[in-house]
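Sequences and hints are given; from them, build the entire structure.
2 protein chains.
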Amino acid sequence: MTRMPDPFHPSRRAAGVQLPIIPTVAGWIAETPGTVSLGQGVAYYGPPPEAMRVLGGFASSPASHPYKPDAGLPELRKAFEEKLRAENGIDAPFERRILVTAGANQAFFNAVLAICDPGDEVILLTPYYFNHEMAIALASCRAVCVPTDESCRPRVDAIEAALTPRTRAVVTVSPNNPTGVVYSRETLSEINRLCARRGLYHISDEAYEYFTYDGAEHFSPGSLGGGEHTISLYSLSKAYGMASWRVGFLVAPERLFDDLMKIQDTVIVCAPAVSQAVALGALRTGRGYCRERLETIDRVRREVMDRLSSLPGLLTVPPAQGAFYVLAKVRTGMGDLLLTERLIREHRVAVIPGGTFGITEACCLRIAYGSLTPETAAEGMRRLVEGLRAILGG
Amino acid sequence: MTRMPDPFHPSRRAAGVQLPIIPTVAGWIAETPGTVSLGQGVAYYGPPPEAMRVLGGFASSPASHPYKPDAGLPELRKAFEEKLRAENGIDAPFERRILVTAGANQAFFNAVLAICDPGDEVILLTPYYFNHEMAIALASCRAVCVPTDESCRPRVDAIEAALTPRTRAVVTVSPNNPTGVVYSRETLSEINRLCARRGLYHISDEAYEYFTYDGAEHFSPGSLGGGEHTISLYSLSKAYGMASWRVGFLVAPERLFDDLMKIQDTVIVCAPAVSQAVALGALRTGRGYCRERLETIDRVRREVMDRLSSLPGLLTVPPAQGAFYVLAKVRTGMGDLLLTERLIREHRVAVIPGGTFGITEACCLRIAYGSLTPETAAEGMRRLVEGLRAILGG
Chain V
76 MTRMPDPFHP
86 SRRAAGVQLP
96 IIPTVAGWIA
106 ETPGTVSLGQ
116 GVAYYGPPPE
126 AMRVLGGFAS
136 SPASHPYKPD
146 AGLPELRKAF
156 EEKLRAENGI
166 DAPFERRILV
176 TAGANQAFFN
186 AVLAICDPGD
196 EVILLTPYYF
206 NHEMAIALAS
216 CRAVCVPTDE
226 SCRPRVDAIE
236 AALTPRTRAV
246 VTVSPNNPTG
256 VVYSRETLSE
266 INRLCARRGL
276 YHISDEAYEY
286 FTYDGAEHFS
296 PGSLGGGEHT
306 ISLYSLSKAY
316 GMASWRVGFL
326 VAPERLFDDL
336 MKIQDTVIVC
346 APAVSQAVAL
356 GALRTGRGYC
366 RERLETIDRV
376 RREVMDRLSS
386 LPGLLTVPPA
396 QGAFYVLAKV
406 RTGMGDLLLT
416 ERLIREHRVA
426 VIPGGTFGIT
436 EACCLRIAYG
446 SLTPETAAEG
456 MRRLVEGLRA
466 ILGG
Chain U
76 MTRMPDPFHP
86 SRRAAGVQLP
96 IIPTVAGWIA
106 ETPGTVSLGQ
116 GVAYYGPPPE
126 AMRVLGGFAS
136 SPASHPYKPD
146 AGLPELRKAF
156 EEKLRAENGI
166 DAPFERRILV
176 TAGANQAFFN
186 AVLAICDPGD
196 EVILLTPYYF
206 NHEMAIALAS
216 CRAVCVPTDE
226 SCRPRVDAIE
236 AALTPRTRAV
246 VTVSPNNPTG
256 VVYSRETLSE
266 INRLCARRGL
276 YHISDEAYEY
286 FTYDGAEHFS
296 PGSLGGGEHT
306 ISLYSLSKAY
316 GMASWRVGFL
326 VAPERLFDDL
336 MKIQDTVIVC
346 APAVSQAVAL
356 GALRTGRGYC
366 RERLETIDRV
376 RREVMDRLSS
386 LPGLLTVPPA
396 QGAFYVLAKV
406 RTGMGDLLLT
416 ERLIREHRVA
426 VIPGGTFGIT
436 EACCLRIAYG
446 SLTPETAAEG
456 MRRLVEGLRA
466 ILGG
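Quick note, the sequences are listed as chains V and U, same order. Just so we're on the same page, this note's numbering is the position in the first sequence counted from 1, plus 75. Just so we're on the same page, this note's numbering is the position in the second sequence counted from 1, plus 75.
The reader is advised that the hints may include incorrect statements.
Intra- or inter-copy, both count: the list cannot distinguish identical chains.
To be verified - In silico SDA-like pairs for lysine to any residue, Cα to Cα no more than 25 Å straight-line:
(1) K404 to A90
(2) K404 to M380
(3) K153 to P137
(4) K158 to E454
(5) K153 to G102
(6) K158 to R171
(7) K404 to G430
(8) K158 to P394
(9) K153 to L383
(10) K158 to M409
(11) K153 to R423
(12) K153 to W103
(13) K158 to L386
(14) K158 to L389
(15) K158 to R366
(16) K158 to E329
(17) K158 to R228
(18) K404 to T391
(19) K153 to A101
(20) K404 to D333
(21) K153 to P449
(22) K158 to C220
(23) K153 to P108
Rather than coming from a laboratory, the hints here were simulated on the basis of the structure. Being a predicted model, the structure only gives us computed values, none of them experimental.
Have a look at this one:
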């Protein structure tokens, strides 16, 4: 007897996308009251209060509520054009190159849809940002994963070796999620040149551009003059504490702009206008808002690094000078998902398991410290260190 | 000499999507000051003021700004569950069947990605809602267009004849954009049963559910107990004047929920929290908010219908008892795009050309009356009637 196929099966592309890990971890946390979360990928602060002062005027103006231009509010795009020129060395006229999206995830998905057809390949560097891998699968394309070196830095020769006639783009994330590594100007330039030479797009995700420490400097490959093949992604979620507001920016070659507008119209019409209004206020406040708060995050970061260095036999951490993440490679045969669940349930401390970032050959845990106070960081790290010792017998 | 292919070409799927018409028409309007727009697909009013009163508290609470659950705020989903049960006869537990999206467009795109792989087919009834056709193309799928009858009502036999082994869904929009036709309970039930029998999803777009006139009644096919195969889409953009806020709802079979969560996480993480907070206030205000304003819209509608009936030799209009659209079929050999441009540039009145809704065999114009006052409606229709007479010599 043969079994009839289920006519209502989900699409293969959806079935092939990994289940997002955050809701799973959030579920374990919810079941374990008092858990300190080293999982949350946000900064500890909210949007600039002066930016939110626009809300009253926005709400009471009748012109606020109908649809807005697909590409975003012109004044917001103009402000971002100026920010790009001043801070990133990117010269991108907003009318033809800048699109406001509902977060950098939507920006990435739009970009993939604009350049990739089913079966096309996109190079991700492992460990990758999980939503990138998910977006590529959802577009019925293939993420080709290229391992980074032992310090989680890109290996340009390995990238080049992975290219095929189906490759359409190489993705870099610097400062990196999940490793916290800041890629050097030289490496990013080399990747950008490789892309130009091989007829590929370079998608540069710069959501964490403001989060660098120890003198590390962020570099934007879009400043190299590769206006023909560089796609740069930005987010206000981290720098301005606006995660729930969903505002990001897609800076694209002019040749893609009309297609990106079609995609934007189809997916969301326009980014939420109320969030765009607050975003404009945030950009006017400027990066000083983040810089003033970076010292607190850096203090927490040092605490985290200090505690991790007390476990040299148990784990190693690649040098991390950016974002608000470190990736701990744990010396154990235990699965990362099980270890994470036990850390939460038995020691009330949450991290994100490395498998979700494409790490399959080792047990890694991502530790996020952006949302912590020095006190919760100390307590969370105490639990993590004790938990790892207790579970793994270190 | 052969020409080298451009390595930076956009994807075929993006190239295959029609350019959105609204920005084009908006461009002509911007170049023609004083134009009355009969193009805008929104109601004349904004969100309930009492709903927007949450903004101050939302902004000042630190818990408002980090990411929210992918599926939406539980209290908002719960409120929508109750609305569905009370108003639509749909019994859908929010935990497993209701997802908050950034507008009904995103809900539709999520649904297509959840059930369709490249090459799959989705049945649209022409004239169709253009963003549906665009979403299907963007998903590398094929929109199979089935003409409606002379009164723009679905022909179930024609739908059945268009099914192939690749068909995955049939889409209905009632009350309809662009025709204003309200589909009968019988017809929608017949389509829903056909889908069940043939193993297809029925995607029912109900964005205009509150906008019915002359005693016409909206019917939700999701109330037929087809919780296994009916996907229902809703929007707050029209009923609550919240277009720029981007809030919609996707009500799906439970079997699709996990896949829809992956898609949501990838595309947007979560709908903007500030908009969800206002949406909750809107749902608590309830449909009475829209009902009180419907009389004004109905008055404008009668004005529009009256004026159109003064041109029987020049155009015909199918009976329209819903949404805030009528579709005028103009007796001319002139192209709809040219006619639209001339109406704007020469007579300062804007409509949307029928081609964007898939109408290729006739010159049709969509007239939207939801955003007008009785005064602007009278002036707009005067210009339209005079313009059509002048251009077409009626």
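* Asked: When no copy is named, should K158 and L389 be tagged within, between, both, or neither for a Cα gap of at most 25 Å?
  -> This pair counts as neither: shortest intra-copy Cα distance 43 Å, inter-copy 54 Å.
* Indicate which option fits the pair K158, R366 if close means a Cα-Cα distance not exceeding 25 Å: within, between, both or neither. => within (15 Å within a copy, 46 Å between copies)
* To do: State whether the alpha carbon distance between K404 and D333 is at most 25 Å within one copy, between copies, both, or neither.
  => neither (44 Å within a copy, 30 Å between copies)
* To do: Go through the copies and call it for K158 and L386: within, between, both or neither, with a Cα cutoff of 25 Å.
  => The answer is neither: 42 Å in one copy and 54 Å across copies each exceed 25 Å.
* Measure nothing new, just compare the shortest in-copy and cross-copy C-alpha distances for K153 and P137 to 25 Å and report within, between, both or neither. => Result: close within a single copy only, 23 Å intra versus 29 Å inter.
* Asked: Quick one: K158 to E454, C-alpha cut-off 25 Å, is that within a copy, between copies, both, or neither?
  -> neither (38 Å within a copy, 44 Å between copies)
* Asked: Which holds for K404 with A90 at a C-alpha limit of 25 Å: within a copy, between copies, both or neither?
  -> neither (29 Å within a copy, 44 Å between copies)
* To do: Check K153 against A101 for me: Cα-Cα at most 25 Å, and say if that holds within a copy, between copies, both or neither.
  => between (38 Å within a copy, 20 Å between copies)
* **Within, between, both or neither, where K404 and T391 count as close if Cα-Cα is 25 Å or less** => within (5 Å within a copy, 71 Å between copies)
* Check K158 against E329 for me: Cα-Cα at most 25 Å, and say if that holds within a copy, between copies, both or neither. => Answer is within: at 18 Å inside a copy they meet the 25 Å cutoff, but 45 Å across does not.
* To do: Evaluate K153 and G102 at a C-alpha cut-off of 25 Å and name the case that applies: within, between, both or neither.
  => between (41 Å within a copy, 19 Å between copies)
* Tell me, please, which holds for K153 and P449 at an alpha-carbon limit of 25 Å: within, between, both or neither? => Answer is neither; intra-copy 38 Å and inter-copy 37 Å both fail.
This entry does not satisfy hints 1, 4, 8, 9, 10, 11, 13, 14, 17, 20, 21, 22, going by the numbered hints stated previously.
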